[in-house]
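Protein chains: 4
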Amino acid sequence: MRLGYVHTRVTDLEESRKHYVDTLGMRVVAEEPGKLFLKAWDEYDHHSVVLEEGGVGLVKLGYKCRTPDDIAAFENRIQSFGAVTERMSKGENLSVGDGIRVVLPSEHVLELYSEIDVVGTETGSLNPDPFPRHLVGVGVPRIDHTLVTCEDPATLERFFAECLDFKPSERVVTGLDRDADLIGSWMFCTNTPHDIAFIKGPNGKLHHFAYWLNDWNEIRHAGDLFAMDDVSVDVGPTRHGITRGETIYFFDPSGNRNEVFSGGYITYPDFPTITWTPDQLAKGIFYISRELNERFTTVLT
Amino acid sequence: MRLGYVHTRVTDLEESRKHYVDTLGMRVVAEEPGKLFLKAWDEYDHHSVVLEEGGVGLVKLGYKCRTPDDIAAFENRIQSFGAVTERMSKGENLSVGDGIRVVLPSEHVLELYSEIDVVGTETGSLNPDPFPRHLVGVGVPRIDHTLVTCEDPATLERFFAECLDFKPSERVVTGLDRDADLIGSWMFCTNTPHDIAFIKGPNGKLHHFAYWLNDWNEIRHAGDLFAMDDVSVDVGPTRHGITRGETIYFFDPSGNRNEVFSGGYITYPDFPTITWTPDQLAKGIFYISRELNERFTTVLT
Amino acid sequence: MRLGYVHTRVTDLEESRKHYVDTLGMRVVAEEPGKLFLKAWDEYDHHSVVLEEGGVGLVKLGYKCRTPDDIAAFENRIQSFGAVTERMSKGENLSVGDGIRVVLPSEHVLELYSEIDVVGTETGSLNPDPFPRHLVGVGVPRIDHTLVTCEDPATLERFFAECLDFKPSERVVTGLDRDADLIGSWMFCTNTPHDIAFIKGPNGKLHHFAYWLNDWNEIRHAGDLFAMDDVSVDVGPTRHGITRGETIYFFDPSGNRNEVFSGGYITYPDFPTITWTPDQLAKGIFYISRELNERFTTVLT
Amino acid sequence: MRLGYVHTRVTDLEESRKHYVDTLGMRVVAEEPGKLFLKAWDEYDHHSVVLEEGGVGLVKLGYKCRTPDDIAAFENRIQSFGAVTERMSKGENLSVGDGIRVVLPSEHVLELYSEIDVVGTETGSLNPDPFPRHLVGVGVPRIDHTLVTCEDPATLERFFAECLDFKPSERVVTGLDRDADLIGSWMFCTNTPHDIAFIKGPNGKLHHFAYWLNDWNEIRHAGDLFAMDDVSVDVGPTRHGITRGETIYFFDPSGNRNEVFSGGYITYPDFPTITWTPDQLAKGIFYISRELNERFTTVLT
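Chains as they are written, first to last, in UniProt numbering: chain A, 1 to 301; chain B, 1 to 301; chain C, 1 to 301; chain D, 1 to 301.
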């Protein structure tokens, strides 16, 4: 149904709290020793980001499914695919119900669940305002997607397609002939341009996770606050060719890459997949400059 | 899966062509005597708007489904609900395949189909630009939703929920007690705030159909072009409370109301439905002015 | 040199404080019994708005001049014109130096001064950020212009041109023939579209005074906050034909009309004055709707 | 009064025509052998850019003055300052009247004139639309400012202040002590943040000249068109700390740097000059990334 939570490691929880709360505007909904559970204002589930002290990089991703039956069906398909799953019980993750835990072919850990406490958005469900009167910092409304790296994008794409009904919106290939290799794939299970994406690289690594913003003006405003709050900016503001989105990439204090993302088109199950060839890839990534920086392609956590 | 086409009557086809092509920027993909088939630049299906000379108002709406099996399942549910359906054959609508035709409890005609010629977007599927280099007029990328009136919104809401798996994002009710009446319902089958909406009024009537725009700046730009092209503007630019969208309502030369719409939140099957009460309804409709004009609530086609 | 301050009457100082401070984001720089002195964040002079309890409408306008010599020259010309002036001493207005006070042919009171305490902007003059990190409400950066009514716009235009070197950017006339009457004039002494404007109506009345905003997105954001804070909105958001500006008109709690204004072109002393004829006046005022509401043209304070 | 024209050399007139006309949207108002005279749509004077085939870099800058008397006064002051002036006759520059030609201490050539044919804006002066219905490409409305390099910014700043009544809005200095050196100065003669700027570097060189755009959305749209039209982008879109403006730097086909610029504050003669210190200079130049690229600081024409 959607990306439900991103659980990452951070080197310093208090530094991270300043970043995710004061600058980005998330709210701490719960704390455990060495862990913060955070929620953005327009999300109604209990949390969408978990920060765990110790190191950097991804612990796991949670995708929320409609029903336990859906999860059971996914479990069957995943096992047929040959990936490892295990049952996950209510309470293993704060506020999250039963589900399954999958080790992807890319060594990332994925959790599927259908229940989590619903705490509601900050504007509520009765005659709501379009946004809270007193937003904090950037005021991100919700998380949007993640991009991870893997040694074998073709297998991971097949996994998400066959096991979880994701479809590719855009694909980067080494060429247009039949035996060309897949370098990256952007896949959706909603009507957005991507709910997850993966590009060729080391297994198990996180390139970035992204927050939604409403428009290009909010992207610039985020950039202004990043300058005021000494947030390290990687690239942007600019436009993506791939997804058409508008973006700034930046780093949390531990070095995990975040993105603020707006725009993009609508997808449907019959969306005609877009193909990018290597000669146009820089334009696909950063449409306006048509230049990739070294940092963007090599720094992973 | 989505709103596929809106088929409306217009009093003068050539006047309408100027409006939908020169001002809004759609492209004529086919013509039949007394009929124009139009497509917006970011749509890949054959057409999304059909204009038929003679009168005003809605002829029918087409919603595209994933598969013939989905349609068969919908057909069963519709018949159980007690609505009238008939089989529709490939060719009855130019470019559209087999499907079913339903007369809704609200007397609107709905067609469900899963096949239509795919002609592609104007930016294509290989290393595409984010928009065509030479947009015409407003340059609408796609249609978005419709709003129709009906005598019994509660029944129509139940129809769309039970027969077609739509869910309500927002509901206007006469009060918060159990036996309050439903005045309007905004329902989605995608992740948008609404794919169809209906409010209390005469059966069979069209309030408006809407085009997507990317942001508030494009909304103003559309308004500027409406002034230059002498398009009659009903309301806006403004913000909706309901859907959070940004909007201008305007009329085509025959008096059918159109909308340009941007913004809004993302919905999912577990979206907590929003409720509006009558005391806040003006704010729900036009958030900034909190005033309804007579024309907006009474002019239908 | 510029509009320096607007001094208005308000019926309730505490209600007004909420409006001008909490909603608009001005800061109270000084208080006297029954009076508030306010400053916007990007202004460096001591204050730009004075609110005085008791009634509604304009007490006086202050325009800041470069030097005492300029004021002396203006004084001569004003006396030659036949208008009444009196000397104004340092301290008559809090923080303001010597100058002159003029009763305009329109019965409005105008003060010219060249000295006022400089307190600096909120971002300062050393390596400044582009805006304060924690803006309040709309966060208006500065006042921009006023529009007043007068029985004889032609005389008032001549006064501002001959005595104070203002030039008309736009003029509304009853026709294009020689003996057509002037209905309204927009005049500038800076490079903006207008530093003052006047339209035919009763002498001594205020139509509105305006705050600058940076763009159309800030205009909508202001409108959103007006809805949240129950500020009465008169018209907008929309575009002006005259000045090309983007606007919302709204009322302070006492009924004085305010405006948030963005956009517009740049003027120079050789700017070719624009002429509007009555048949296009509604378009000139509200470009998108091309409709005037009764309230906009009749409510004055 | 304002920057009137920029006269630059280009290596290929036809390549340049495509850039300045098809991409930027200027109009060719006149041609001479090896020369194009161009005008943007919102300018009323005959031309604002002259392209001359043969090489790259600046030929000269024209600043328009109010009256011949003003020019005579400037001439006196310039001669007192010790700079070389010569009389310029009507016709030496197409459409331009009498004036003077100055070789600045920085070896740049500056022409002062008060008369040039007025051809009007493309929207005209009678009931005008806010922009032409059919803009070409980026659709720049007007030129805005230039930035040149010089060996001795302090002298050049003194020249513009003493001879031409410009004032500095922002200054970059080597430190805050008395004997610190001036690295760059942004100076205005209108109410904009800068009408000319200069930074330390070789004499006689052009860093860039800039076009005005209305807002951040137009900046991104320009960037999108630059990608479509294969225009080489140097930096941006981003925000400046200095001037607060929003920007993209790019190159014309000959390698002359252009800018599209929007935003910025308003200045007045009493504007409190802003000071930047070297430790914050990267933030001053590119506020969001706080990084300077080598190309930006070294490529001049």
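Just so you know, the hints here were simulated from the structure itself, not pulled from any lab data. Misleading hints may appear alongside valid ones.
Because identical chains share one entry, a pair is satisfied inside a single copy or across any pair of copies.
Here are the simulated lysine to any residue pairs, SDA-like style, with alpha carbons at most 25 Å apart [as the list claims (entries may be wrong)]:
no. : residue 1 : residue 2
1   : K205      : P253
2   : K205      : R158
3   : K18       : P132
4   : K90       : G120
5   : K167      : F74
Hints, one by one, checked against the model:
1. K205 - P253: within (18 Å within a copy, 41 Å between copies)
2. K205 - R158: within (19 Å within a copy, 46 Å between copies)
3. K18 - P132: Both. Shortest intra-copy (20 Å) and inter-copy (19 Å) distances satisfy the 25 Å Cα cut-off.
4. K90 - G120: Result: close within a single copy only, 20 Å intra versus 46 Å inter.
5. K167 - F74: Classified as both; 15 Å inside a copy, 24 Å across copies.
Checked against the numbered hints above, the structure breaks none of them.
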